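Undergrad: Sequence:
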Amino acid sequence: MMRAAKPVLTPHDPDFESRVRESFERQGAMKLIGASLEKVAPGEVEIYLPFREDLTQQHGFVHAGIITTVMDNACGFAAYSLMPADASVLSVEFKVNLLAPAKGEAFIARGEVIKPGRTITVCNGEVYAPGEVNKLIATMTATLIMLQGRTGIPQG
Numbered sequence: 001m002m003r004a005a006k007p008v009l010t011p012h013d014p015d016f017e018s019r020v021r022e023s024f025e026r027q028g029a030m031k032l033i034g035a036s037l038e039k040v041a042p043g044e045v046e047i048y049l050p051f052r053e054d055l056t057q058q059h060g061f062v063h064a065g066i067i068t069t070v071m072d073n074a075c076g077f078a079a080y081s082l083m084p085a086d087a088s089v090l091s092v093e094f095k096v097n098l099l100a101p102a103k104g105e106a107f108i109a110r111g112e113v114i115k116p117g118r119t120i121t122v123c124n125g126e127v128y129a130p131g132e133v134n135k136l137i138a139t140m141t142a143t144l145i146m147l148q149g150r151t152g153i154p155q156g
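To convert, note that position 22 of the sequence shown is 22 in the UniProt record's numbering; the numbers rise steadily by one, no gaps.
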C-alpha cells in the first residue's frame with residue numbers, strides 16, 4: 001500500500017517551542033498525573049508518563065481515561081505548535097482505540113499533525129509502553145480547533 005507524503009509543517013510562530021512548553025507547564029492535569037513534555041517539533045509532540053499505582057484501574061493497568069488524556073494533550077500540543085502566537089487550541093472530537101492493557105514502567109504519548117488547517121487541524125496520536133519492544137497501547141484520531149480573539153479563553 002502506498003502512503004501519502006507527509007505534509008511540510010511550518011510553524012506560524014518561530015518561538016513555537018517555548019510557547020508550547022509554557023502552556024504545558026500551566027496544565028494542572030499534567031502535573032496531577034506526573035506527565036512531562038519530552039519533545040516539541042513542528043507538528044509533533046511527545047509526552048512521558050511514568051507508571052503510578054494511583055493512576056490504575058481495578059486490574060492494575062493505567063486507567064484508559066489517563067491514557068486518553070495524555071494522548072489528547074500530545075495531539076493538542078502538536079496542533080498548537082503550528083498555530084500563531086496569539087492562538088489557543090481546543091479539542092473538538094477524538095476517536096480512541098485501546099489496543100492493549102496499559103502496563104509497564106512508563107508510557108510515551110506521541111501526537112502528530114496529519115492535516116493542518118486555518119481553523120481545524122487533524123492529528124494522530126499513539127501511546128507506547130517503551131521497553132525491549134515498544135508496545136503500542138492506544139491510538140487516537142483527533143480534531144482540534146484554533147481559537148483567536150475569543151472572550152473568556154486566554155491564548156495558549
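None of these hints come from the bench; they were simulated from the model.
Owing to the predicted nature of the structure, the values given are computational and were not obtained by experimental measurement.
From the three backbone atoms N, C-alpha and C, an ideal C-beta is built for every residue, glycine too.
A hint or two may mislead.
Stated by the list, open to error - Using C-beta positions, here's what the derived DEER-type ranges look like: (1) T141 - E22: 23 to 33 Å; (2) H59 - T10: 39 to 49 Å; (3) N134 - A64: 16 to 26 Å; (4) G28 - V92: 16 to 26 Å; (5) A64 - P130: 17 to 27 Å; (6) L136 - V92: 19 to 29 Å; (7) G131 - K39: 17 to 27 Å; (8) N134 - Q57: 17 to 27 Å; (9) P14 - R118: 12 to 22 Å; (10) I145 - H59: 34 to 44 Å; (11) H59 - A85: 40 to 50 Å.
Undergrad: Could you run down the list of hints and mark each one as holding or not?
TA: Now the hints, each set against the structure:
Hint check: T141 to E22, Cβ distance near 27 Å, so the stated range 23 to 33 Å holds. Judged by the Cβ atoms, the range 39 to 49 Å given for H59 and T10 holds: they are separated by roughly 44 Å. Checked against the given bound of 16 to 26 Å, the beta carbons of N134 and A64, roughly 19 Å apart, stay inside it. Between G28 and V92, the C-beta spacing of about 22 Å keeps the proposed range 16 to 26 Å intact.
Between A64 and P130 the Cβ separation comes to about 19 Å, which falls inside the hinted range of 17 to 27 Å. Range check, L136 to V92: about 25 Å between beta-carbon atoms, so the 19 to 29 Å window is met. Taking 17 to 27 Å as the suggested C-beta distance range, the pair G131 and K39 conforms, at roughly 19 Å. In this structure, N134 and Q57 meet the distance hint of 17 to 27 Å, their C-beta atoms being roughly 22 Å apart.
Our hint of 12 to 22 Å for P14 and R118 holds, since their Cβ atoms are close to 19 Å apart. As the Cβ distance of I145 to H59 is approximately 35 Å, the hint placing it in 34 to 44 Å holds. At roughly 44 Å, the beta carbons of H59 and A85 sit within the given window of 40 to 50 Å.
Going down the numbered hints, you'll see the structure goes against none, and every one checks out.
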